[in-house]
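The hints should help you fit chain B onto chain A, whose structure is shown.
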Amino acid sequence: MITLSDYLILSAIVFCIGLAGIFINRTNIITLLMCVELMLAAVNTNFIAFSYFLGDYTGQIFVFFVLTVAAAEVAIGLGIVTLVYRNKGSINIDVTNSLRG
Amino acid sequence: MEFEQILFYVFSFWLIASSLAMVFSRNTAFSALFLILSFFSAASLWLLLEAEFLAITLILVYVGAVMVLFLFVIKMLDIESSTLRAKFTGYLPVGIGVAIVVIAEMSLVLGSSQFGLGKVANPIRHSSDYSNITELAMELYTTYVYQFELAAVLLLIAIIAAITLIHRIDPRTKKQSIAEQVNTKASDRVRLVSISSPNKEDKK
Numbered sequence: 001m002i003t004l005s006d007y008l009i010l011s012a013i014v015f016c017i018g019l020a021g022i023f024i025n026r027t028n029i030i031t032l033l034m035c036v037e038l039m040l041a042a043v044n045t046n047f048i049a050f051s052y053f054l055g056d057y058t059g060q061i062f063v064f065f066v067l068t069v070a071a072a073e074v075a076i077g078l079g080i081v082t083l084v085y086r087n088k089g090s091i092n093i094d095v096t097n098s099l100r101g
Numbered sequence: 102m103e104f105e106q107i108l109f110y111v112f113s114f115w116l117i118a119s120s121l122a123m124v125f126s127r128n129t130a131f132s133a134l135f136l137i138l139s140f141f142s143a144a145s146l147w148l149l150l151e152a153e154f155l156a157i158t159l160i161l162v163y164v165g166a167v168m169v170l171f172l173f174v175i176k177m178l179d180i181e182s183s184t185l186r187a188k189f190t191g192y193l194p195v196g197i198g199v200a201i202v203v204i205a206e207m208s209l210v211l212g213s214s215q216f217g218l219g220k221v222a223n224p225i226r227h228s229s230d231y232s233n234i235t236e237l238a239m240e241l242y243t244t245y246v247y248q249f250e251l252a253a254v255l256l257l258i259a260i261i262a263a264i265t266l267i268h269r270i271d272p273r274t275k276k277q278s279i280a281e282q283v284n285t286k287a288s289d290r291v292r293l294v295s296i297s298s299p300n301k302e303d304k305k
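Protein sequence lines correspond, in order, to chains A and B.
Mind the numbering: the first sequence is residues 1 to 101 in our numbering, read in order.
Mind the numbering: the second sequence is residues 102 to 305 in our numbering, read in order.
Simulated from the structure, these hints should not be mistaken for laboratory data.
Certain hints may be false.
What the hints assert, rightly or not - In silico DSS-like pairs for lysine-lysine, Cα to Cα no more than 30 Å straight-line: (1) B:K286 to B:K276; (2) B:K275 to A:K88; (3) B:K275 to B:K286; (4) A:K88 to B:K220.
The following block holds chain A by itself, in its conformation from the complex:
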């Protein structure tokens, strides 16, 4: 049988792939946004697994709200990416250093 820990470990692996993607992908901002989406999908899998195994629908409701917030985040994030491209002519991470971070 598939246990709860199988789902939890699977989503931990996917979450860490997204995390490592943010670390190692220094090419452009769009890839970073996609890595964040991947991490959110892993977290949602956690929520749904707990919801199924404990017989409580609150986890699925929470996933619903997470999906809503993620959609809003993507819309605004891509808007900011378009603005950066318009102002700097590129969306590489290297050009977005005007805050001297």
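Just chain B now, kept in the frame of chain A:
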């Protein structure tokens, strides 16, 4: 091995493989397509967990709207050349090391001794007349109706924010100045001129 277990491992394999391919792909458009594949695999796993509504929502909202938006931006910005030239920096070993350590720690915590079948039993599958969307709707429209409306307001704010960010004001745009319109008096617009009419005798 049961059929369900085989399904789980197939979907997990594709989820992990496409996530890795997304992270290590140089071309951003390929990354987006691999992310679509991993969302599909995640949705299939959610179907195994009897979360049918959320699985369909993931495909409709993410693959249908969000990823199409990503692909639009990728095509619009023409970043192929700059992305293909870019190299992975020296963060690669550190990033992989951190990820492996985090996976090891989480596997220790989340292993079968804590969350195995002995601790959390496998629930019985629902019968075929079970409706996931009815159960969710009963919760969503009673207990969580206030949060549901807040989510709607949040989406509205996101729309307005995205449009405000992107919209460029063109100086040639014709627009209405409401304050000026309201403050206008009739004497500013209409000038009454008295015209001396010609005499009736002259017409005859």
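| query | Which of the listed hints are broken here? | reply | 4
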